[in-house]
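Visitor: Chains as they are written, first to last, in this note's numbering: chain A, 2 to 281; chain B, 37 to 186.
Derived by calculation from the structure, the hints in this document are not laboratory data. Small disclaimer: the values here were computed from a predicted structure and weren't measured. Hints are supplied without guarantee of correctness; some may be wrong.
What the hints assert, rightly or not - For the chain B half of the interface with chain A, some residues (derived, Cβ under 7 angstroms), not all of them:
| hint | residue |
| --- | --- |
| 1 | G93 |
| 2 | S94 |
| 3 | A116 |
| 4 | T118 |
To be verified - Computed from the model, here is a short list of chain A residues facing chain B with C-beta under 8 angstroms:
| hint | residue |
| --- | --- |
| 5 | D32 |
| 6 | L34 |
| 7 | D48 |
| 8 | N54 |
| 9 | M81 |
| 10 | R275 |
Glycine included, every Cβ here is placed at the ideal spot set by N, Cα and C.
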Amino acid sequence: MGGLLPSLGRSVERRVHHADLGERDPDYIRDNLPWLWLLASAWFRADVRGLENIPERGPALLVGNHSGGNMIPDTVILTMAFSTYFGAERPFYQLAHNLVLAIPALAPLRRFGTVAATPENAAGALDAGAVLLVYPGGDHEVSRPVWERNVIDFDGRRGFVREALDAGVPLVPVVSIGGQETALFLSRGAGLARALRLDRTLRLKTLPISLALPWGLNVGDFLGHLPLPAKITIQVLPAIDLHERFGPDPDVDEVFEHVVALMQETLDALAAERRLPVLG
Amino acid sequence: MKVSASTDIAAAPEAVWALIGDLRRWPDFVAGLTRWEAAGRRRSGLGARYRALMRIGSADIGGLVEVVEFHPPADLAWNAVTGAEQRGRWRLRPHGEDATRVELRMTYHVAGWAPGAWLIGRIAERAIRRNLTRTLGELARQVERDGSGR
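Let the sequences and hints guide you as you build the complete structure.
Guide: This is how it looks when you write it as structure tokens:
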């Protein structure tokens with residue numbers, strides 16, 4: 002085990018494309034929008050609100066809360082909704098964990114514009130005038146237990162504020178609800194990940210434990226699962242011009258606290274709208 | 037895929053055209069339209085371009101459309117320039133002494149693997165047909181209201 006994991010880690014590193022913005026393929030996205038539309042409309046009964054808050058032109062950094070284990074329905078739905086709303090022609094990228102991009106079965110994600118979460122990719126996408134989606138909470142947030150489903154938890158990761166400031170682009174918070182009801186998430190399994198040294202070898206701080214279809218007990222979620230048809234609602238909030246709102250030299254902590262509070266307030270409101278788990 | 041709906045409105049074609057021919061008024065009667073904004077200087081007539089979105093299922097679907105036929109008071113057709121591949125037509129014909137038969141047609145292409153695309157097209161058709169039927173109902177109501185106000 003001691004020798005296997007580091008070599009697996011190196012293999013993952015080799016598989017991750019670092020300058021892969023060019024892999025996004027609008028024709029491929031257009032061909033796949035219909036079934037994603039069906040999946041969003043029929044299975045998740047998705048309701049995406051406020052896309053008009055994304056600036057009509059130019060770059061923007063979308064900051065979202067992340068849910069659903071490795072199956073992340075909110076990302077799929079937002080990507081579909083963005084592409085039907087603005088057209089597949091408008092460049093849209095999503096930052097993802099290295100491991101996600103290293104899984105051969107998930108290679109098509111790169112054609113949707115999913116790129117490795119590196120500062121180079123983030124700056125490259127924004128400098129090219131694209132819209133970029135980042136989930137600061139990452140693997141920490143997607144594997145939160147179901148009783149924390151309505152909590153925004155970025156684990157204190159503030160890099161997105163610096164990215165928006167460095168690129169001089171507006172920040173657009175995106176709040177989604179329902180994704181953490183697609184399985185019964187029980188634990189992040191952080192202790193287990195540490196014990197197996199996954200944090201060092203694969204940069205995985207969690208090894209989520211859940212009850213999920215069709216496996217029953219699901220550890221790690223490496224093979225994915227069949228998400229329950231939970232109703233997903235996504236609210237895009239008005240864009241924040243950081244210099245206009247926080248002055249010429251914004252304090253990163255202050256911006257971070259503001260964005261998280263705003264998103265939590267929105268998530269609370271969306272939670273109050275929900276009558277029943279899964280059904281929405 | 038083709039979807040069409042038609043209705044008879046108790047007014048002359050010119051009275052119906054007063055609404056249809058003025059593209060700025062479409063949000064007043066086109067059902068499901070979530071966005072309708074002129075793109076460019078021309079607001080109506082041949083060559084006018086609009087950013088159009090219609091709510092179908094979970095998504096606002098559409099793109100940039102351009103008016104490609106404009107023959108008052110009979111025919112108005114549009115084509116999609118970007119976004120969803122679709123085209124459409126308003127067709128107005130006199131019907132009897134003092135009525136107009138109004139037909140609203142849409143043709144669209146669902147991309148992707150053919151059998152799946154066909155199925156998805158049929159599912160979307162129900163939502164589109166509902167919007168077209170509601171549009172004609174609202175159009176008739178407004179034309180008849182405008183006529184009685186004179």
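Visitor: Let me know if the C-beta of N54(A) comes in closer than 8 angstroms to any C-beta of chain B, holds or violated.
Guide: Because about 13 angstroms separates N54(A) from the closest Cβ in chain B, which is outside the 8 angstroms limit, the hint is violated.
Visitor: For the hint on S94(B), just tell me whether its beta-carbon gets within less than 7 angstroms of chain A.
Guide: Result: holds, 4 angstroms to nearest chain A Cβ.
Visitor: When the nearest CB of chain B is found for R275(A), is that gap smaller than 8 angstroms?
Guide: R275(A) check fails; min Cβ-Cβ to chain B is 17 angstroms, beyond 8 angstroms.
Visitor: Hey, does the D48(A) contact hint survive, CB to chain B under 8 angstroms?
Guide: Hint holds; D48(A) Cβ to chain B Cβ min 7 angstroms, cut 8 angstroms.
Visitor: Are D32(A) and chain B close enough, Cβ to Cβ, to be under 8 angstroms, as the hint says?
Guide: This interface hint holds because 5 angstroms falls under the 8 angstroms limit.
Visitor: Just to be careful: measuring from the Cβ of M81(A) to every Cβ in chain B, is the smallest value less than 8 angstroms?
Guide: Since the shortest Cβ distance to chain B is 6 angstroms, the answer is holds.
Visitor: How about A116(B): closest beta carbon in chain A under 7 angstroms, or not?
Guide: With Cβ-Cβ at 10 angstroms, over 7 angstroms, it is violated.
Visitor: Is the shortest C-beta separation between L34(A) and chain B less than 8 angstroms?
Guide: holds, 7 angstroms
Visitor: Is the interface hint for G93(B) satisfied, with its Cβ closer than 7 angstroms to some Cβ of chain A?
Guide: holds, 3 angstroms
Visitor: Hint check: is the beta carbon of T118(B) less than 7 angstroms from a beta carbon of chain A?
Guide: holds, 5 angstroms
Checked against the numbered hints above, the structure violates hints 3, 8, 10; every other hint is satisfied.
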